[in-house]
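Residue numbers (this note's numbering), protein chains in the order written: chain A, 381 to 822; chain B, 381 to 822.
These are computed hints drawn from the structure, not numbers from a lab. Any given hint could turn out to be false.
Intra- or inter-copy, both count: the list cannot distinguish identical chains.
As the list claims (entries may be wrong) - Within a straight-line C-alpha distance of at most 35 angstroms, the following computed DSBU-like cross-link-like pairs (lysine-lysine) qualify:
id, residue 1, residue 2
1, K516, K583
2, K583, K411
3, K515, K730
4, K658, K671
5, K658, K746
6, K411, K515
7, K583, K658
8, K658, K516
9, K746, K671
10, K583, K671
There are 2 protein chains.
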Amino acid sequence: MKGSNITTIPGARRPRVVVVGAGFGGLAVAKGLARAPVDVLVVDRRNYHLFQPLLYQVATAGLSPADIAWPIRSILRTQRNASVQMGRVTGIDTQRGEVLIGDRRLSYDYLVLATGARHAYFGHEDWETVAPGLKKIDDATLVRQRLLMAFERAESDCDPEERRRLLNFVVVGGGPTGVEMAGAIAELARGALASDFRSIDPKDARIMLIEAGPRLLPAFAESLSGIAKRSLERLGVDVLLGRAVTECTCAGVALGEERIAARTIIWAAGVMASPAAKWLGVESDRAGRVKVQGDFTVPGHANVFVIGDTAAAMDQNGRPLPGVAPVAKQAGRYVAQVIDARVRGRSGPKPFRYQDFGNLATIGRKSAVVEIGTVKMSGFAAWLLWSVAHVYFLIGLRNRVIVALNWTWNYITFQRGARLITGRESDELPMAPEQDEIRRVS
Amino acid sequence: MKGSNITTIPGARRPRVVVVGAGFGGLAVAKGLARAPVDVLVVDRRNYHLFQPLLYQVATAGLSPADIAWPIRSILRTQRNASVQMGRVTGIDTQRGEVLIGDRRLSYDYLVLATGARHAYFGHEDWETVAPGLKKIDDATLVRQRLLMAFERAESDCDPEERRRLLNFVVVGGGPTGVEMAGAIAELARGALASDFRSIDPKDARIMLIEAGPRLLPAFAESLSGIAKRSLERLGVDVLLGRAVTECTCAGVALGEERIAARTIIWAAGVMASPAAKWLGVESDRAGRVKVQGDFTVPGHANVFVIGDTAAAMDQNGRPLPGVAPVAKQAGRYVAQVIDARVRGRSGPKPFRYQDFGNLATIGRKSAVVEIGTVKMSGFAAWLLWSVAHVYFLIGLRNRVIVALNWTWNYITFQRGARLITGRESDELPMAPEQDEIRRVS
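When you get a sec, could you build the whole thing from the sequences and use the hints?
The structure is reproduced here in structure tokens:
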């Protein structure tokens with residue numbers, strides 16, 4: 381198998397490690413190889429690393445995109461064995477050991493795929509136009525546009541029925557993203573927007589969080605799910621549990637027989653791995669993830685690793701690893717050790733052990749739920765911990781200072797600093813035909 | 381003439397002033413009417429007021445869009461007689477006194493058009509796709525995308541000829557925007573990007589500023605034009621004076637016989653007023669501006685005012701008023717006084733006098749030219765004055781703090797905080813056919 385037994389020979393070309401994706405996992409690999417006798421090439425279709433956990437704050441106008449993103453080149457600037465290329469991977473030639481980026485071909489000795497996941501509609505991909513998800517910067521600015529435009533449209537519409545639809549917001553999916561989005565929309569409507577309109581009262585906005593399972597935040601302890609639900613309800617969010625969305629249209633959602641009229645629907649209900657399995661021509665699970673071995677190699681491809689949300693891996697106890705940032709980071713560091721050992725002809729590291737630091741989710745401006753081992757926290761103290769942890773994990777001093785400052789400002793003034801409706805009009809909320817009727821407002 | 385002699389009768393409907401455009405002029409009108417017995421309705425196609433003088437810093441990745449924009453609703457939140465509607469004006473019915481926004485109609489007693497200007501190509505509108513201008517947030521993020529993508533493309537291209545084209549940047553127009561853009565691109569290449577690439581050296585970038593007239597900054601004193609030119613040249617910008625661009629394509633620009641290969645062209649050479657004259661069916665000058673009377677009313681329409689970059693007005697000495705923010709602000713305040721007086725049945729204010737506070741333009745990170753009356757300044761002191769003035773004129777404490785912080789950070793570290801390539805791929809640099817050939821980089 382090509383590349384699996386490469387060792388460095390003085391004067392010979394150094395093995396090349398191509399890392400696809402500069403998320404938490406990919407960056408951890410690249411940085412972990414800083415002292416390894418290899419050349420690292422990081423490929424990403426974006427020029428920045430994105431701190432996805434705070435994407436919902438861009439979507440709800442609390443932060444600017446640049447506050448939670450950092451150029452990949454800057455992160456790896458001082459790492460002399462690393463280079464970066466921007467490009468969208470279109471395939472992989474495992475025979476020749478090449479990554480295909482359109483017509484460009486990048487040869488590799490070791491390949492690490494850390495290409496993450498996208499929101500998915502599992503057979504209802506047509507719902508995406510009416511119910512956008514939240515995985516990329518462009519998703520977040522689109523959702524921000526839809527949210528803010530709904531209030532703008534309601535302000536200038538004279539039909540009470542349509543106003544109600546415009547002020548109904550549905551979030552589908554009760555995981556951390558859904559919980560955080562629903563809380564943030566409620567606070568946007570009741571806080572920052574509260575006094576800005578004349579014809580409507582943004583406080584009339586109705587925010588619904590719909591979860592098909594029996595409780596919110598299924599990855600958390602059950603007691604915290606209850607606390608999260610009550611916290612959201614205090615913010616004025618209607619939490620609907622055990623209800624599956626059977627249809628999404630530009631007029632609202634259907635839950636079986638019941639229909640909820642809403643102009644704005646946000647999808648936080650499911651993810652699908654990037655097409656890494658397809659590129660490799662290997663087996664994947666239902667969510668499109670590549671089944672990997674204990675050292676994150678792909679069966680039959682000893683020099684190809686898959687980590688993060690793209691991998692279906694098991695922890696030391698045989699339980700599937702969750703699709704969260706710490707898993708990707710730890711796997712990335714581990715894979716760097718494996719490659720380093722192989723290149724140097726040494727024995728590899730001990731088997732991978734996932735160290736679970738716990739779960740955090742925030743609900744609005746002063747509440748959060750935190751679970752660290754057996755410790756469970758909620759309320760203001762948990763929110764402070766959540767805030768500090770998120771600022772700490774941001775890359776770069778500037779981003780930390782700017783985000784901390786924005787949050788302090790938002791907290792004190794209830795205002796949001798990034799309430800911009802940008803993008804083209806074609807991205808705006810699709811309107812039903814009756815929307816185009818003549819409406820006189822004066 | 382409808383609305384020209386309206387006075388308030390107790391119990392009667394208050395006159396309605398519709399202000400189209402929430403730039404410097406429009407906002408000044410709305411705020412100036414805070415205590416007038418009228419209802420003010422501000423209409424804008426965006427939900428934010430934009431601080432246009434700093435747009436070039438968004439285009440060169442120094443600031444985020446939200447740092448220089450502020451929701452119009454928030455600005456007018458506490459002004460009880462003001463409301464805001466988002467909408468794109470499509471026409472004006474002066475007979476019925478109505479502003480048309482698609483099918484919506486907004487009736488007015490007084491109308492103020494402050495809709496600004498757009499960059500224009502004067503008969504070469506097809507140049508826009510290859511040479512974008514800089515008037516809106518979306519323009520700035522598009523230019524930022526093109527600038528950063530040029531370096532990304534150069535890094536992964538193996539053809540030295542194409543690399544050179546990609547690292548050639550042409551700015552057309554030697555007014556303040558062109559001068560500031562050229563300086564900022566030079567510093568981006570020699571500062572923030574300098575160590576981030578491996579195959580190219582961003583310092584090899586060649587930045588050309590092309591001006592058809594005999595000197596840069598024609599609105600400034602001639603001595604300052606010379607200083608600006610030398611400052612730019614010290615930053616490594618090639619300044620070409622007295623050279624008119626006769627052609628723009630995706631491969632570069634032509635200056636008569638001479639051709640300059642460049643993948644990135646930025647247009648700062650001319651503006652065209654918004655179509656206010658067309659909406660009103662009245663006379664306009666060559667730049668599309670409505671010829672107004674001394675009190676900014678449109679001849680034949682005593683209740684319709686045009687101000688700012690959309691108006692062709694004269695100062696007290698019969699000289700045309702320049703298209704700058706202070707003119708728009710002062711005219712806005714004046715028109716508010718005129719309307720207030722008319723509504724109350726009092727005599728109007730004294731004739732308008734433009735108070736010229738001077739001109740400022742910055743050239744890179746520690747140089748600027750400033751002209752205040754007979755005082756001329758340049759260098760670091762002028763740059764400090766420029767920075768303080770711009771922070772001061774920003775709306776909102778948050779924006780002032782964030783911009784000041786960003787500038788301090790940029791100044792100390794030479795880094796840029798907003799180096800994101802966003803937007804769709806279809807917006808990217810149009811590529812010549814030969815660009816699609818197979819290029820191997822490994």
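Taking the hints in turn, this is what the structure says about them:
When the C-alpha separation of K516 and K583 is checked against a cutoff of 35 angstroms, the pair qualifies both within a copy, at 29 angstroms, and between copies, at 31 angstroms. For a Cα distance limit of 35 angstroms, the shortest separation of K583 from K411 across copies, 26 angstroms, qualifies, whereas the shortest one inside one copy, 47 angstroms, does not. For the homomeric pair K515 and K730, the shortest alpha-carbon distance inside one copy (33 angstroms) is at most 35 angstroms, but the shortest distance between copies (58 angstroms) is not. Taking identical chains as interchangeable, the C-alpha atoms of K658 and K671 lie at most 35 angstroms apart only when both belong to the same chain, with a minimum of 12 angstroms there against 64 angstroms between chains.
In this homomeric assembly, K658 and K746 never come within 35 angstroms of each other (Cα to Cα): the closest approach is 43 angstroms inside a single copy and 52 angstroms across copies. Within a single copy, K411 and K515 get their C-alpha atoms as close as 24 angstroms, which meets the 35 angstroms cut-off; across copies the closest is 40 angstroms, which misses it. In this assembly of identical chains, K583 and K658 lie within 35 angstroms of each other by CA distance neither inside one copy nor across copies; the values are 47 angstroms within and 40 angstroms between. Only within a single protomer do K658 and K516 lie at most 35 angstroms apart by alpha-carbon distance; the minimum there is 22 angstroms, versus 41 angstroms between protomers.
In the homo-oligomer, the alpha carbons of K746 and K671 never lie at most 35 angstroms apart, since the shortest distance is 40 angstroms inside one protomer and 55 angstroms across protomers. For the homomeric pair K583 and K671, neither the shortest alpha-carbon distance inside one copy (47 angstroms) nor that between copies (45 angstroms) is at most 35 angstroms.
Hint compliance for this structure: hints 5, 7, 9 and 10 are not met, and every other hint is.
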